[in-house]
Amino acid sequence: MASATLYSVSDGLASALLHALGSVLPGPARAAVTNPNVIVGLAVLIFAVILLAASMLNTILLIWWERKLLGRFMDRRGAMHVGFAGLLQNFADGLKLFRKNTFQPQEADPLGFYTGPCAYMVTSLIIFGVLPISSGWNAGTLPLTLLLALAIFSFAPLFIFVSAWSSNNKYSLMGGMRSAAQMIAYEVPILLAVVAVILVAGSFNLTTIVYEQQNYWFWGPLVVALIVFVAGMLAEMERIPFDLPEAEAELVEGWNTEYGGMLFAFFMLADYLRALVGSILVVLLFLGGWTMPTWVPGALTSFPLAGIFWFMVKTYTVFGLFVWVRASLPRVRTDQLLRVGWNRMIPLSLLSIFLAAVLVTVKCLPLLGCVPGVGS
Amino acid sequence: MSEMWINMGPQHPMTHGLWNLRVKIDGEMILDVDPEMGYLHRGIEKISEDRHYNEVITLMDRCCYVAGFAWEHLYIQSAEQALGLRPPERAEYLRVLCDEFQRIASHLMWYAAFVQDIGLMSPFLYGMRDRDLVLDLFQSYTGARMTYEYMRVGGVRNDVPPGFTDQARKVLDWLSDRFVEYDQLCLGSTIFRERCDDLGTLKANDCVAHGVTGPMLRAAGLKRDLRKDRPYAAYDRLEFDVAVADSADVTARYLVRMEEMRQSVRILRQVVDWLDRHPGPVLAERLPRWLGAPYAPIGNEGYLLKRHYAKGVGFSAVEEPHGEAQAYVVNDGGEHPYRVKFRSPVFANISAARQYLVGYHVADIPPIMGSVDVCVGEVDR
Amino acid sequence: MQPDDIARQLAPKLGDGLLSVEPFPGTAGRVRFRSERALELFRAVRDDLHFGHLSMVGAIDWVDHREVFYVAWSDAATQYLFLSTDVPASAAHVESASSVWPSANWHEREAWEMVDVTFDNHPDLRHLLMPDGYAFHPLLRSFKLHEPEELEVKSRHV
Amino acid sequence: MTTPTASVAPAKPPGPEGLRPEGPLPTVTQAAVPFIEIETLRAREFLPAAREALTSLIAEQGQTKVIRPVFNWAGRNSLFPLHWGLACCAIEFAAAFGGRWDAERFGVVPRSSPRQCDLMIVNGTVTWKVAHKLITLYEQMPEPKWVIAMGNCATGGGPFRTAYSVVPGVDKLVPVDVYIAGCPPRPEAMLDGILKLEQLIRERKE
Numbered sequence: 001m002a003s004a005t006l007y008s009v010s011d012g013l014a015s016a017l018l019h020a021l022g023s024v025l026p027g028p029a030r031a032a033v034t035n036p037n038v039i040v041g042l043a044v045l046i047f048a049v050i051l052l053a054a055s056m057l058n059t060i061l062l063i064w065w066e067r068k069l070l071g072r073f074m075d076r077r078g079a080m081h082v083g084f085a086g087l088l089q090n091f092a093d094g095l096k097l098f099r100k101n102t103f104q105p106q107e108a109d110p111l112g113f114y115t116g117p118c119a120y121m122v123t124s125l126i127i128f129g130v131l132p133i134s135s136g137w138n139a140g141t142l143p144l145t146l147l148l149a150l151a152i153f154s155f156a157p158l159f160i161f162v163s164a165w166s167s168n169n170k171y172s173l174m175g176g177m178r179s180a181a182q183m184i185a186y187e188v189p190i191l192l193a194v195v196a197v198i199l200v201a202g203s204f205n206l207t208t209i210v211y212e213q214q215n216y217w218f219w220g221p222l223v224v225a226l227i228v229f230v231a232g233m234l235a236e237m238e239r240i241p242f243d244l245p246e247a248e249a250e251l252v253e254g255w256n257t258e259y260g261g262m263l264f265a266f267f268m269l270a271d272y273l274r275a276l277v278g279s280i281l282v283v284l285l286f287l288g289g290w291t292m293p294t295w296v297p298g299a300l301t302s303f304p305l306a307g308i309f310w311f312m313v314k315t316y317t318v319f320g321l322f323v324w325v326r327a328s329l330p331r332v333r334t335d336q337l338l339r340v341g342w343n344r345m346i347p348l349s350l351l352s353i354f355l356a357a358v359l360v361t362v363k364c365l366p367l368l369g370c371v372p373g374v375g376s
Numbered sequence: 001m002s003e004m005w006i007n008m009g010p011q012h013p014m015t016h017g018l019w020n021l022r023v024k025i026d027g028e029m030i031l032d033v034d035p036e037m038g039y040l041h042r043g044i045e046k047i048s049e050d051r052h053y054n055e056v057i058t059l060m061d062r063c064c065y066v067a068g069f070a071w072e073h074l075y076i077q078s079a080e081q082a083l084g085l086r087p088p089e090r091a092e093y094l095r096v097l098c099d100e101f102q103r104i105a106s107h108l109m110w111y112a113a114f115v116q117d118i119g120l121m122s123p124f125l126y127g128m129r130d131r132d133l134v135l136d137l138f139q140s141y142t143g144a145r146m147t148y149e150y151m152r153v154g155g156v157r158n159d160v161p162p163g164f165t166d167q168a169r170k171v172l173d174w175l176s177d178r179f180v181e182y183d184q185l186c187l188g189s190t191i192f193r194e195r196c197d198d199l200g201t202l203k204a205n206d207c208v209a210h211g212v213t214g215p216m217l218r219a220a221g222l223k224r225d226l227r228k229d230r231p232y233a234a235y236d237r238l239e240f241d242v243a244v245a246d247s248a249d250v251t252a253r254y255l256v257r258m259e260e261m262r263q264s265v266r267i268l269r270q271v272v273d274w275l276d277r278h279p280g281p282v283l284a285e286r287l288p289r290w291l292g293a294p295y296a297p298i299g300n301e302g303y304l305l306k307r308h309y310a311k312g313v314g315f316s317a318v319e320e321p322h323g324e325a326q327a328y329v330v331n332d333g334g335e336h337p338y339r340v341k342f343r344s345p346v347f348a349n350i351s352a353a354r355q356y357l358v359g360y361h362v363a364d365i366p367p368i369m370g371s372v373d374v375c376v377g378e379v380d381r
Numbered sequence: 001m002q003p004d005d006i007a008r009q010l011a012p013k014l015g016d017g018l019l020s021v022e023p024f025p026g027t028a029g030r031v032r033f034r035s036e037r038a039l040e041l042f043r044a045v046r047d048d049l050h051f052g053h054l055s056m057v058g059a060i061d062w063v064d065h066r067e068v069f070y071v072a073w074s075d076a077a078t079q080y081l082f083l084s085t086d087v088p089a090s091a092a093h094v095e096s097a098s099s100v101w102p103s104a105n106w107h108e109r110e111a112w113e114m115v116d117v118t119f120d121n122h123p124d125l126r127h128l129l130m131p132d133g134y135a136f137h138p139l140l141r142s143f144k145l146h147e148p149e150e151l152e153v154k155s156r157h158v
Numbered sequence: 001m002t003t004p005t006a007s008v009a010p011a012k013p014p015g016p017e018g019l020r021p022e023g024p025l026p027t028v029t030q031a032a033v034p035f036i037e038i039e040t041l042r043a044r045e046f047l048p049a050a051r052e053a054l055t056s057l058i059a060e061q062g063q064t065k066v067i068r069p070v071f072n073w074a075g076r077n078s079l080f081p082l083h084w085g086l087a088c089c090a091i092e093f094a095a096a097f098g099g100r101w102d103a104e105r106f107g108v109v110p111r112s113s114p115r116q117c118d119l120m121i122v123n124g125t126v127t128w129k130v131a132h133k134l135i136t137l138y139e140q141m142p143e144p145k146w147v148i149a150m151g152n153c154a155t156g157g158g159p160f161r162t163a164y165s166v167v168p169g170v171d172k173l174v175p176v177d178v179y180i181a182g183c184p185p186r187p188e189a190m191l192d193g194i195l196k197l198e199q200l201i202r203e204r205k206e
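Chains as they are written, first to last, in this note's numbering: chain R, 1 to 376; chain E, 1 to 381; chain L, 1 to 158; chain H, 1 to 206.
No lab work stands behind these hints: they were computed from the structure.
By construction, the Cβ of each residue, glycine as well, lies at the ideal position given by its N, Cα and C atoms.
It is possible that some hints are incorrect.
Derived list of chain H stretches under chain E, where covered just means 3 residues or more per stretch with a C-beta under 8 Å from a C-beta of chain E [as the list claims (entries may be wrong)]:
{"id": "1", "stretch": "71 to 85"}
{"id": "2", "stretch": "88 to 94"}
{"id": "3", "stretch": "97 to 103"}
{"id": "4", "stretch": "123 to 130"}
{"id": "5", "stretch": "180 to 187"}
Straight-line Cα separation of at most 25 Å, SDA-like style, residue types lysine to any residue; simulated pairs [claimed, not checked]:
{"id": "6", "chain 1": "E", "residue 1": "Lys24", "chain 2": "H", "residue 2": "His132"}
{"id": "7", "chain 1": "H", "residue 1": "Lys133", "chain 2": "L", "residue 2": "Asp132"}
{"id": "8", "chain 1": "H", "residue 1": "Lys196", "chain 2": "H", "residue 2": "Val178"}
{"id": "9", "chain 1": "E", "residue 1": "Lys228", "chain 2": "L", "residue 2": "His50"}
{"id": "10", "chain 1": "R", "residue 1": "Lys170", "chain 2": "E", "residue 2": "Arg354"}
{"id": "11", "chain 1": "E", "residue 1": "Lys223", "chain 2": "E", "residue 2": "Arg354"}
{"id": "12", "chain 1": "H", "residue 1": "Lys196", "chain 2": "H", "residue 2": "Pro144"}
{"id": "13", "chain 1": "H", "residue 1": "Lys196", "chain 2": "H", "residue 2": "Pro175"}
{"id": "14", "chain 1": "E", "residue 1": "Lys228", "chain 2": "L", "residue 2": "Pro25"}
{"id": "15", "chain 1": "H", "residue 1": "Lys65", "chain 2": "H", "residue 2": "Arg204"}
{"id": "16", "chain 1": "R", "residue 1": "Lys170", "chain 2": "R", "residue 2": "Asp335"}
{"id": "17", "chain 1": "H", "residue 1": "Lys65", "chain 2": "R", "residue 2": "Gly261"}
{"id": "18", "chain 1": "E", "residue 1": "Lys24", "chain 2": "R", "residue 2": "Leu338"}
{"id": "19", "chain 1": "E", "residue 1": "Lys203", "chain 2": "E", "residue 2": "Asp246"}
{"id": "20", "chain 1": "H", "residue 1": "Lys172", "chain 2": "H", "residue 2": "Leu191"}
{"id": "21", "chain 1": "E", "residue 1": "Lys228", "chain 2": "L", "residue 2": "Pro23"}
{"id": "22", "chain 1": "R", "residue 1": "Lys170", "chain 2": "E", "residue 2": "His361"}
{"id": "23", "chain 1": "R", "residue 1": "Lys170", "chain 2": "E", "residue 2": "Glu36"}
{"id": "24", "chain 1": "R", "residue 1": "Lys170", "chain 2": "E", "residue 2": "Met29"}
{"id": "25", "chain 1": "E", "residue 1": "Lys170", "chain 2": "E", "residue 2": "Gln184"}
{"id": "26", "chain 1": "L", "residue 1": "Lys144", "chain 2": "E", "residue 2": "Glu49"}
{"id": "27", "chain 1": "E", "residue 1": "Lys203", "chain 2": "L", "residue 2": "Arg46"}
{"id": "28", "chain 1": "H", "residue 1": "Lys172", "chain 2": "L", "residue 2": "Phe143"}
{"id": "29", "chain 1": "E", "residue 1": "Lys203", "chain 2": "L", "residue 2": "Ser99"}
{"id": "30", "chain 1": "R", "residue 1": "Lys170", "chain 2": "E", "residue 2": "Gly27"}
{"id": "31", "chain 1": "H", "residue 1": "Lys133", "chain 2": "L", "residue 2": "Arg126"}
{"id": "32", "chain 1": "E", "residue 1": "Lys170", "chain 2": "E", "residue 2": "Asp136"}
{"id": "33", "chain 1": "H", "residue 1": "Lys172", "chain 2": "H", "residue 2": "Tyr138"}
{"id": "34", "chain 1": "E", "residue 1": "Lys203", "chain 2": "E", "residue 2": "Arg354"}
Next comes chain R alone, as it looks inside the complex:
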């Protein structure tokens, strides 16, 4: 258990700042500044900034990680000339896109054209508010964080469709339609797979779910749910083999065909934010979050911020698997995707619920913890 939490850090920072400010101010102003409510307010602000910065930084790092990994899978090197090993490449891309001039296609509907990408970006960012990174490193301890995260996660097709529709391009429109159909189809199996986790963990709270996995990670007993969840997440993240909405070969760039400059950067970032969320959810629900099995030497799990470190390692590994899939699988077709979604994924997820129910009923879960590698 790390003693410092995200909230305590920002709270300490806020109160230190405000007290320092108060010490140079006259009496009444000092009292106003050091008011606990003000401190809490600033703490929340700092908290949000830390969260935003961390998620954006991680997203950009994730893009770099994908580009390098993909390069290796493809027998080449990937970005390497900007910064050390190309680490600054994505910063360069972002700054460049920031500076490109903003434009709006003549026939586009300005309202949807501008709000679409922004809302997509914002909804992708909000999810980080409810994801626990390590014990105590989360925004709030709502009882239903899992449901909230998934609910916000599934807003995206709406905004994709809005931006696709309002950019008034046939390719965008087709991409938007595909995106909507695909996300709705894969929403269901994801939720059903999550039900299995909820059954076993007995909670909707992500933190509780992670603590339930201290003895055994859920990927072993819930392997069917894991498969369904990962496949569904691939579809939700619109990555190969399910990247039909932006299938480059037929739909130019899919729903972001008409977007350039910063709005395109928003789409790009939001896509990877969602990829990060997807990887984090897989880690939280199935790979034990920040906990490590007890056979791992204590020195490796007890240093400061070890939880966050191991959490990041797991997240990046999971994302690396997604990249591996992307490097080696072709793209499926819309009808095949939907058929797989409705005809295979949903029965499989129902099966996983059934298996989870059996496991819970016969109380054989602790036995699974004896399997080496699964748990303690």
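Mind docking chains E, L and H on chain R? Use the hints.
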């Protein structure tokens, strides 16, 4: 969504070149297609009328830029017929060497583009990587990667350098191993089979009616290959099989092209062995200097020397990587061809687009057109 | 298949429409025919001689007249057949082969726009390689290419 | 190589003309932050002078020292070329993205939509039929944008210069920044062209 026309091209990732596929769609279903060509029409046939016989070779390389050697060979054959010349035997074997390596290079380029069309990302890089090995071989004896100007009326420009055959054997060994890998990546993938089976079907009789040739025709089960049916150069002295498949779909075309590459490797092993054993001249003797000189600089007196041949016509056909290419050269006795007419296989293959595209989904267009292997340079000429 | 065989098989159907069958390099022979009897000849070549595959259609401008040529291929004989007909330059038109061989469609479009030979009853005779409305026929002998110097000063429009 | 950063004379505060007395000014220090330079000014002159100094400092010094170099660095290190192929050079263009040359090392990633590109590589013969489409694509690219004429055909028509359908050089249609010679240029030449363009962007002052 009601019916609408969408333009796939001229700038579209699917096209692999500069053409426009106008598609009428209802939702995701294709109702009608109308390929629009000519964005790369460079008037090669007209320019040829203004050039010496050997200068046309320059245009031939650029006519089909992924199969430059095949088109050089095609033109050279016709021009030799029109002028009444015969190349020495070693030149014929060297031409086969060029043709077959070019077939491998072209098919690898096709492979790279095709797998990208169905969303496989890595094999694009693998295809390009292995194609570069073949291009390195070309570079060692022509000096160029893509535009060679190597064949000459009456032979070839120069012999292969010493040590070339060993290097060629190494490349062939490497390639035969890679073909297995390619198959694992494509045929081994369920998604690939789901995408490509029963897709873009064009049966044999439709192929014949619409003039479709090459791998597309052989994928429909028709065993037709000019290298066997009307052997040219040294093909009658080499052993190989014609690759055929019978399901006439995208998978069949994939299988045919892969098998053709294997057969090309087989032919090349024989050619390389022959070249080791039979040294000799590579250019016909007693050619006028403007026609035969290996490096005739443009503008010197030998180049401008007018030598009038008897009038004649030349018609020949070669099995190009994309199909059956024909050239018709009319010689009216002057130093320029009077008329040059080329028949591009891809021209005919694209003209039948309505037959194999209508009724499928928009998402099927890239794999189907990828399996056609479009080279716009030779379509528009 | 020899030129004589071809003449023997075609003569009863074509009559005076068949002018001659002569040897031609790389093919089974060259069939010269009158342009008015084109469609009958195409049918005979396809159905009786079994040249089911039309490879190419082209045209040559011989200044005083224009020659339209066809190349057909027979799978059974594994041979090409060269068909050729002369049309006067003033009224250059010939029946379209696309009803017999669908593959003639695009080739005829190209021949029409390049050498200005009209193909009667063609299903879709419009520009193929040049932009719509292009007024010239580049492969006519009277159409001259640009001189390199000319390009520096002149600007052209599509 | 002179970068904009290096070529700008340091620590010269842009004070308003005419306000300075003759001779050297009694400046406090020529510190790293030239903004804090105290001149002997009368009170009513101080405010406009300070405002002007501040504005010009932000406008010029900030531009040349911070904003322009940073964006310049970003712009030249992430050139997204338009993904399209005209003719032969397109094959070498594709080869440059293959494993052996790997243009992505320099941050060059082809994008299919012109809206997301900053670089148009005209890789092949441009015909009059495609001319207005090329111009449309160029206009769809957001500023700042660059054009590379790759190969002889795009540079001046190449072997097809005299043909009736060929544009003798793409610079007749769109402004070209870098010409690459070769028919077709090797992938190395294409990468060199891109690096030349990066150099051009680096030296750019606007």
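> Which of the listed hints are broken here?
Replying inline: none
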